[in-house]
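A.B. asks: Chains as they are written, first to last, in this note's numbering: chain A, 1 to 116; chain B, 1 to 448.
Think of the hints as simulated: they come from the structure by calculation, not from any bench. Zero decoy hints are in this set.
Derived contacts from chain B toward chain A, CB cut-off under 10 Å, selection only: (1) Q216; (2) V255; (3) L262; (4) D268; (5) H270; (6) R357; (7) A361.
Glycine residues also receive a C-beta, built at the ideal position from the N, C-alpha and C atoms.
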Amino acid sequence: MARVKLVTIAHARSGDKGDTANVGLIALKPEYYPVLVHEVTAERVKKHFAEICLSTVERFELPNLGALNFLLHESLDGGGTLSLKADAQGKTYSAALLRMEIDVPDDLLSKNPVSG
Amino acid sequence: MIRIANGQGFWGDSLEAPLEQLRRGPIDYLTLDYLAEVTMSILQKQRSRDPRAGYARDFVDMIGRGASDIATRGIKVVANAGGVNPEACRDAVAKALNRPGTKIGVVAGDDIMASLDGLIARGVALKSMDTGEPLSSIRPRVQSANVYFGAAAIANALAQGAQIVITGRTTDTGLVLGPMMHEFNWRCDDWDKLAAGTIAGHTVECGAQCTGGNCQVDWQSIPHFEDIGYPVIEAEADGTFVVTKHAGTGGRVTVASIKEQLLYEMGDPHEYITPDCVADFTTIQLQQDGPDRVRFSGIQGKPATAMYKVSISYSAGFKAIGTLMYSWPGAYQKAKAADTILRQRLERLGLRFDAIRSEFAGVNACHGSLAGEPAPDIAEVILRFGVRGQDKAAIERFTKEIAPLALNGPPTVTGLGAGRPKVEEIVAYWPALIPKTEVSPQISVQET
Numbered sequence: 001m002a003r004v005k006l007v008t009i010a011h012a013r014s015g016d017k018g019d020t021a022n023v024g025l026i027a028l029k030p031e032y033y034p035v036l037v038h039e040v041t042a043e044r045v046k047k048h049f050a051e052i053c054l055s056t057v058e059r060f061e062l063p064n065l066g067a068l069n070f071l072l073h074e075s076l077d078g079g080g081t082l083s084l085k086a087d088a089q090g091k092t093y094s095a096a097l098l099r100m101e102i103d104v105p106d107d108l109l110s111k112n113p114v115s116g
Numbered sequence: 001m002i003r004i005a006n007g008q009g010f011w012g013d014s015l016e017a018p019l020e021q022l023r024r025g026p027i028d029y030l031t032l033d034y035l036a037e038v039t040m041s042i043l044q045k046q047r048s049r050d051p052r053a054g055y056a057r058d059f060v061d062m063i064g065r066g067a068s069d070i071a072t073r074g075i076k077v078v079a080n081a082g083g084v085n086p087e088a089c090r091d092a093v094a095k096a097l098n099r100p101g102t103k104i105g106v107v108a109g110d111d112i113m114a115s116l117d118g119l120i121a122r123g124v125a126l127k128s129m130d131t132g133e134p135l136s137s138i139r140p141r142v143q144s145a146n147v148y149f150g151a152a153a154i155a156n157a158l159a160q161g162a163q164i165v166i167t168g169r170t171t172d173t174g175l176v177l178g179p180m181m182h183e184f185n186w187r188c189d190d191w192d193k194l195a196a197g198t199i200a201g202h203t204v205e206c207g208a209q210c211t212g213g214n215c216q217v218d219w220q221s222i223p224h225f226e227d228i229g230y231p232v233i234e235a236e237a238d239g240t241f242v243v244t245k246h247a248g249t250g251g252r253v254t255v256a257s258i259k260e261q262l263l264y265e266m267g268d269p270h271e272y273i274t275p276d277c278v279a280d281f282t283t284i285q286l287q288q289d290g291p292d293r294v295r296f297s298g299i300q301g302k303p304a305t306a307m308y309k310v311s312i313s314y315s316a317g318f319k320a321i322g323t324l325m326y327s328w329p330g331a332y333q334k335a336k337a338a339d340t341i342l343r344q345r346l347e348r349l350g351l352r353f354d355a356i357r358s359e360f361a362g363v364n365a366c367h368g369s370l371a372g373e374p375a376p377d378i379a380e381v382i383l384r385f386g387v388r389g390q391d392k393a394a395i396e397r398f399t400k401e402i403a404p405l406a407l408n409g410p411p412t413v414t415g416l417g418a419g420r421p422k423v424e425e426i427v428a429y430w431p432a433l434i435p436k437t438e439v440s441p442q443i444s445v446q447e448t
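Given the sequences, and given the hints that come with them, work out the whole structure.
C.D. replies: So this is what it looks like as structure tokens:
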């Protein structure tokens, strides 16, 4: 197992709906998707965003896109125009998730090197 | 096959993009999205000052500049530029177009501001989808209320011969699905096809955000952001489509750029609810179909719900945000000291707020403590200090406490050139649902 940051094997995009931020997490290669499903659970994402997400995290699977979608409830200081955050729409939360460290089987990485 | 282009992802997007979409390659339809949730309240205020205002002026200017392209090539234009005054927008567009005999359609009826009290009296509570509270709890503070209509009304206006369709509050996805329903004679219960058109609309509704803009995969190699191509859909009658861009433009359309946009502002991917259908994003099959071309297939949908979504805006207090920039040495320590001093001074003044928030740009404004500790010799840090509350006088008083720190606090501070922070009225968003039986779109098509 290798400990790597998610940015090594995934890309992401985030947005908002009111006070809920969404982060779509996408495997850079199809073979990385099962690793995302196994490692990046709703519980771990909640822990990762503990300071930012004041409520729960929901996870949805999109195997057809090799992607997971996370809903981070109560994460935008009220959201929209209420928010005092510089990033009131959670646009950079995608990158914040990519900071998370996960375990990836060595052979998966060595067979399929991806440049950071 | 028909080509549907998007030339505007939000009000404030590139003024040139719609014209580039008209001129740089073949299209049949140009769609333009001008309305965000809070735009309606701004437009409502404009109309209360001037009965001929309350729509997206940028759209009228764009029609003026593109008039000859639109007229000579018979390109149809669909835009939610009508805001809270689509009829006035139509009159201004007719004048800017200056082509007698052109049919312009208007989709109105979405503005339910005048009928709110009647609806509440009849038991339509318009509960907040976020909190479950009834609208009556904030009724006096409501500034605008608009129903999101769907694609069917747009298709209807096109069927009546409209070359330009101007709507009030319609869904962004309806701007794209409407032309498909019209061109391909899709039935209102052909859920898979309606879902396909909806997903096509979702893909392009943010303009260049699906053609390389904001794309995280190998972004450094994405060519010519300065000339980025906005999306063009090549739609087929069977519900399959390709998303591409005009040849020779910058940007990049890949499965990766498309996937990112598909997930943007996504809730439950199984249930993407619009007035037209419920689209299932887990059924989308994507395939790279040559350079800058991504093919969509396999999309499935489910029946539409019995409700329309309503976008309600209301006054929710005031806020102000001030900034102070501190340089090396000890930039972060100085900014943190300024934060403490400001909080102490507000306390001594006896000012009370619903929220005070400080962030340190360069250190933690985007990712909080996930970003880790900054380098000890960090070049500069910006303290961004915001307050929110119901008492406007308290917010006003706060705005006068930033500038003194230029002289009476920690050293090497700058960035105060713009003067005192501005007090902003907070216009908040109240999403609700209304039965479809309570309201219906008003469609009119007139020849100029």
